[in-house]
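So the protein sequences, as listed, match chains R and A. Just so you know, we're using my numbering here: the first sequence kicks off at 1 and counts up by one. Just so you know, we're using my numbering here: the second sequence kicks off at 1 and counts up by one.
No lab work stands behind these hints, which were simulated from the structure alone. If you're wondering where the values come from, they're calculated on a predicted model, not measured in any experiment. Beta carbons are placed, not taken as given, at the ideal position from N, Cα and C, and that holds for glycine. Hints should not be assumed to be uniformly reliable.
[What the hints assert, rightly or not] Here are some, though not all, of the chain R residues that point toward chain A, as calculated from beta-carbon distances under 8 Å: (1) 16; (2) 17; (3) 23; (4) 30; (5) 31; (6) 32; (7) 85.
[What the hints assert, rightly or not] Quick list of simulated restraints, FRET-style, between CB atoms: (8) 433(A) to 88(R): 52 to 58 Å; (9) 443(A) to 15(R): 41 to 47 Å; (10) 138(R) to 523(A): 25 to 31 Å; (11) 98(R) to 400(A): 56 to 62 Å; (12) 549(A) to 74(R): 52 to 58 Å; (13) 142(R) to 569(A): 22 to 28 Å; (14) 53(R) to 507(A): 29 to 35 Å.
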Amino acid sequence: MSAPSETGRTAKPWVLWVPLTLFVLFFAMAAVKLVWPGNTNIDSQMIGKPLPRMLLPPGVAGRAPFQTGAAPDGKPRLLNVFASWCIPCIAEAPVLMEMKRQGIKIDAVAIRDRPEDVATFLGRWGDPYERIGSDVDASLQLAIGSSGVPETFVIDGKGVIRLQHIGDIRPEDMADIVKALEDAR
Amino acid sequence: MIAEAGLAALWLAAALAVLQLMLGVLGLTGGRDALLPAIRPVAVVQGVLTALSFALLIWLFLDSDMSVKLVAANSHSAKPWLYKFAGTWGNHEGSMLLWVTILGMAGAAVAILERRVAERTLAATLAAQAFIGIGFFAFLLFSSNPFERLIPAAADGQGLNPLLQDPGLAFHPPTLYIGYVGMSVAFSFAVGALVMRDVGADFARAMRPWVLISWIFLTLGITAGSYWAYYELGWGGWWFWDPVENASLMPWLAATALLHSVTVLATRDGLRAWTVMLAVIAFSMSMIGTFLVRSGILTSVHAFAVDPERGSFILALLAIYIGGAMALFAIRISTVKEGSQFEAVSREGALVANNLLLSAILGIVFVGTLYPLGVEAVTGEKLSVGPPYFNSAAGPLALLLVVVMAMGPVMRWRRDRLKPVVQRLALPVLLTAVALLAVVLLAPGIGILPFLGIVLAIGVGAASVAPLWKRNLRRTPLFTYGMVIAHLGIAVALAGMACESAFNKETLVAARIGDTARVGPFSVKLKDITPIAGPNWTALEATLEVTRGSGTPFILKPQARMFSNPPTETTEAALKVQLDGQLYLVLGQADDQGRWQLRLWWKPFVTFIWAGGIMVALGGFLALIGRLRREAKTWRREAIA
Chain R
1 MSAPSETGRT AKPWVLWVPL TLFVLFFAMA AVKLVWPGNT NIDSQMIGKP LPRMLLPPGV
61 AGRAPFQTGA APDGKPRLLN VFASWCIPCI AEAPVLMEMK RQGIKIDAVA IRDRPEDVAT
121 FLGRWGDPYE RIGSDVDASL QLAIGSSGVP ETFVIDGKGV IRLQHIGDIR PEDMADIVKA
181 LEDAR
Chain A
1 MIAEAGLAAL WLAAALAVLQ LMLGVLGLTG GRDALLPAIR PVAVVQGVLT ALSFALLIWL
61 FLDSDMSVKL VAANSHSAKP WLYKFAGTWG NHEGSMLLWV TILGMAGAAV AILERRVAER
121 TLAATLAAQA FIGIGFFAFL LFSSNPFERL IPAAADGQGL NPLLQDPGLA FHPPTLYIGY
181 VGMSVAFSFA VGALVMRDVG ADFARAMRPW VLISWIFLTL GITAGSYWAY YELGWGGWWF
241 WDPVENASLM PWLAATALLH SVTVLATRDG LRAWTVMLAV IAFSMSMIGT FLVRSGILTS
301 VHAFAVDPER GSFILALLAI YIGGAMALFA IRISTVKEGS QFEAVSREGA LVANNLLLSA
361 ILGIVFVGTL YPLGVEAVTG EKLSVGPPYF NSAAGPLALL LVVVMAMGPV MRWRRDRLKP
421 VVQRLALPVL LTAVALLAVV LLAPGIGILP FLGIVLAIGV GAASVAPLWK RNLRRTPLFT
481 YGMVIAHLGI AVALAGMACE SAFNKETLVA ARIGDTARVG PFSVKLKDIT PIAGPNWTAL
541 EATLEVTRGS GTPFILKPQA RMFSNPPTET TEAALKVQLD GQLYLVLGQA DDQGRWQLRL
601 WWKPFVTFIW AGGIMVALGG FLALIGRLRR EAKTWRREAI A
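Sequences are here, hints too, so could you generate the full structure?
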């Protein structure tokens with residue numbers, strides 16, 4: 001058995017042009033990126049897709065667990081990704097409370113958190129949530145394409161993600177989110 | 001005046017580079033051989049002038065001359081001198097000048113030292129080196145002049161990115177640049193040999209020390225960069241598959257493959273075309289690496305300011321050099337004669353396997369790094385490729401590679417048989433089996449890659465010492481020791497990586513003063529938080545009392561630093577190295593109830609990763625010394641004869 005010791009002997013002529021071709025491809029890509037740098041926000045790839053099937057244990061003792069899928073009442077609602085250790089989540093809390101007062105149903109997922117810490121957080125800053133899931137290893141967060149806390153998703157009645165809001169919800173963001181909820185009906 | 005003198009030296013050096021190229025082109029065509037002897041001195045003077053220019057820029061930084069735009073934008077009179085010094089290359093213009101300086105000095109070193117290859121091949125090599133230099137001189141002089149004046153002069157400078165205010169910065173970029181530029185010399189040799197149709201053992205021996213130097217520095221640069229990211233970013237990880245990290249890993253993979261194939265070419269005169277190809281690819285990867293970091297087209301923690309004009313300039317240089325070299329390769333390589341033959345089971349065969357595996361890993365990293373760019377260019381979608389892809393695609397190949405690494409050195413050149421090879425490795429194979437059993441019994445349920453990593457690290461570690469078995473240790477050449485130590489270093493680093501991912505313990509707590517948290521075998525008590533002030537920063541420092549089991553407690557002090565100029569926050573992790581691992585403590589932010597975020601990690605054997613990296617570099621260094629001594633000896637013998 002003898003090995004193909006020399007590329008020059010065994011290679012077909014076109015093989016010699018492969019590196020150059022690859023480099024030309026790289027060149028084209030880099031040139032495109034240089035000419036159109038684009039923006040740097042990373043949107044979820046899951047928009048327009050249903051939430052992945054998942055059942056999370058309750059984020060606070062004694063509360064309903066969070067299950068993905070169609071909403072219990074078949075209406076659109078919000079899914080808030082938060083954590084008790086997250087400072088901007090505190091800033092967002094009054095806005096969420098206001099939305100709850102307007103009758104918007106909000107579910108939550110607490111990321112890498114402990115039930116007792118979540119309970120303290122909600123006791124202090126208000127509890128706008130209907131259901132709270134506990135996502136100890138951030139698996140749901142990764143599955144829905146969220147890259148940080150807080151983030152808020154608009155989920156329609158069938159459980160399909162319609163909008164992603166990155167960062168805390170400021171009072172001025174409320175109108176957009178309410179509109180997305182209307183559109184999701 | 002100093003800035004003007006620096007600029008003048010740079011222009012002169014650029015002019016000499018043009019002269020060097022012209023001498024080469026004219027001298028090698030049309031029978032004008034009389035021109036060729038002039039090329040060496042020109043290369044030397046060009047190297048000296050670039051070095052002078054760079055020395056003058058260092059002077060400007062140390063002197064805090066705020067009438068120079070670059071100094072005003074990147075330095076500050078209150079900065080410690082080491083950071084003023086390092087600040088010379090902690091910015092775009094300065095780092096490009098450093099690159100050109102190393103390139104010029106490497107060219108000078110080739111001109112002075114190289115005696116082995118034919119005069120015409122050397123002239124072609126130096127002309128190629130000058131051709132590379134001209135592109136970078138043009139880049140510096142036309143779009144990134146480091147000596148530009150600021151009128152009127154600034155009252156004081158605008159500081160330096162505090163993340164980069166670290167002793168590591170003084171060495172990290174120069175180390176990587178020496179690595180990259182060393183590849184340029186190998187590349188120039190390859191181009192020279194292709195142009196002159198002179199690919200053979202002499203060419204390989206001339207190229208080998210440069211590949212070795214380059215590879216040693218790339219190894220050190222990657223090891224140091226990994227440690228820097230580990231303790232400065234405060235994320236507890238040692239490798240993030242970040243585009244900029246990949247940009248430094250890809251040249252290393254190519255250089256490692258080249259290092260092994262050049263040995264086949266030098267010793268056995270085999271793998272001619274393949275070695276030339278690898279030299280071209282290794283240099284291409286270093287250029288692409290520089291481009292990815294400098295142009296900012298990939299977002300990353302390391303990203304420098306985005307400047308499309310400069311990015312386009314470097315991209316154009318890439319097109320000329322890499323495109324040109326690959327086209328030259330495709331056209332010329334068919335004229336390279338076949339080298340000597342060998343069988344599949346032989347040391348050459350193992351080295352070919354090493355080359356193919358390294359190339360495959362390189363391909364995986366290359367695709368993973370650039371895939372997001374390609375997708376965005378075609379569909380406009382954004383995505384990122386993370387550790388799951390890289391680990392699962394490259395991990396198994398890397399493990400296969402270390403198995404080949406264990407077998408190769410005990411195989412014979414040209415032809416061997418598998419059975420005696422396994423017999424020569426009986427002890428390591430036995431050790432692997434014992435390790436397998438031990439890990440299954442003692443640490444059930446760890447992931448498959450870490451599991452194989454630990455087991456193979458032990459077996460391969462033993463096998464890498466096998467080449468010394470039954471040899472007269474005093475007569476064993478230094479480069480054999482180099483190989484043994486480098487291979488052992490790979491096993492040590494592999495053990496560190498596998499243990500870190502298998503046994504890492506992480507605790508995230510919000511602690512009040514007086515609270516105690518546990519991580520691995522340690523209990524950590526938050527005793528106090530105090531504000532302290534440094535030369536150009538203030539910090540909150542936590543006093544943590546750490547106890548291991550019933551041992552004596554010790555104090556660790558992680559900091560959260562705030563720099564005032566420009567305002568930036570950094571974390572200074574507190575590290576405690578123990579024999580069996582490292583404790584890694586980070587102070588985070590406070591919440592409004594007086595609790596402090598503490599992130600605590602216990603990382604068993606994590607320090608092995610960098611210790612292994614240093615061993616690999618040390619092995620390379622011993623090999624280099626060994627090779628140079630052997631060269632000098634033959635040279636003296638020939639001189640006497």
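The hints, checked one at a time:
1. This hint holds: residue 16(R) has a C-beta 4 Å from the nearest C-beta of chain A, less than the 8 Å allowed.
2. Annotation: residue 17(R) was flagged as interfacial toward chain A, and the flag holds, the nearest CB pair being 5 Å apart, inside 8 Å.
3. Here the hint on residue 23(R) is kept, as its CB sits about 5 Å from the closest CB of chain A, short of 8 Å.
4. For residue 30(R), the shortest C-beta to C-beta distance to chain A is roughly 6 Å, which falls under 8 Å, so the interface hint holds.
5. Taking 8 Å as the C-beta cut-off, the interface hint given for residue 31(R) holds, the closest approach to chain A being about 6 Å.
6. The beta carbon of residue 32(R) is positioned within 8 Å of a beta carbon in chain A (closest approach about 4 Å), and the interface hint is therefore held.
7. A least Cβ separation of about 6 Å between residue 85(R) and chain A falls short of the 8 Å threshold, and the interface hint therefore holds.
8. For the hinted restraint 52 to 58 Å between residue 433(A) and residue 88(R), the CB-CB distance of approximately 54 Å keeps it satisfied.
9. Between residue 443(A) and residue 15(R), the C-beta spacing of about 46 Å keeps the proposed range 41 to 47 Å intact.
10. A hinted range of 25 to 31 Å for the beta carbons of residue 138(R) and residue 523(A) is consistent with their spacing of about 26 Å.
11. Under the hint 56 to 62 Å, the C-beta atoms of residue 98(R) and residue 400(A), about 59 Å apart, fit the expected range.
12. Between residue 549(A) and residue 74(R) the beta carbons are some 57 Å apart, a value that agrees with the proposed interval 52 to 58 Å.
13. Between residue 142(R) and residue 569(A) the beta carbons are some 27 Å apart, a value that agrees with the proposed interval 22 to 28 Å.
14. Our hint of 29 to 35 Å for residue 53(R) and residue 507(A) holds, since their Cβ atoms are close to 31 Å apart.
Checked against the numbered hints above, the structure violates none of them.
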